[in-house]
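*Asks:* Sequence:
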Amino acid sequence: MNTDAIRRLIFNKSLTANQFTPTAVVTVADVTEGTSGLEQALEIERGGIVRNGGSIESETSGTICGYPAKTVNYPIEGRPRGHIDCGRRT
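Numbering of the sequence shown is given in UniProt numbering, commencing with residue 1 and proceeding in unit increments.
Hints in this document: simulated from the structure, not taken from any laboratory.
Among these hints, one or two may not hold up.
As a list, the in silico DMTMM-like pairs of lysine to aspartate or glutamate whose alpha-carbon atoms are at most 20 Å apart [what the hints assert, rightly or not]:
(1) Lys-70 to Glu-43
(2) Lys-13 to Glu-43
(3) Lys-13 to Glu-33
(4) Lys-70 to Glu-33
(5) Lys-70 to Glu-59
(6) Lys-70 to Glu-45
(7) Lys-70 to Glu-57
Based on the sequences and whatever the hints tell you, model everything.
*Replies:* In structure tokens, the structure reads:
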């Protein structure tokens with residue numbers, strides 16, 4: 001993958017049930033380049049969920065550690081999934 005993004009995945013196989021293992025993926029990347037601000041960057045990330053077949057069930061705007069954030073919940077293959085985007089501009 002040709003990107004400056006930093007990605008990490010965590011999971012716990014002991015929590016596996018019904019052929020499903022809860023997983024958290026963390027990506028750190030500069031998504032503000034080419035945008036007018038953090039809110040637009042967060043909307044672009046949200047749009048990626050929809051373009052990839054996600055049907056957003058709920059969305060909450062807020063802050064994490066003082067930075068704008070969105071928590072988005074959507075199912076994948078009939079299973080609930082949550083997604084949190086957080087932005088910071090230096």
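*Asks:* Could you run down the list of hints and mark each one as holding or not?
*Replies:* Right, here's what the structure says about each hint:
{"no.": "1", "hint": "Lys-70 to Glu-43", "verdict": "holds (9 Å)"}
{"no.": "2", "hint": "Lys-13 to Glu-43", "verdict": "violated (32 Å)"}
{"no.": "3", "hint": "Lys-13 to Glu-33", "verdict": "violated (37 Å)"}
{"no.": "4", "hint": "Lys-70 to Glu-33", "verdict": "holds (19 Å)"}
{"no.": "5", "hint": "Lys-70 to Glu-59", "verdict": "holds (7 Å)"}
{"no.": "6", "hint": "Lys-70 to Glu-45", "verdict": "holds (10 Å)"}
{"no.": "7", "hint": "Lys-70 to Glu-57", "verdict": "holds (13 Å)"}
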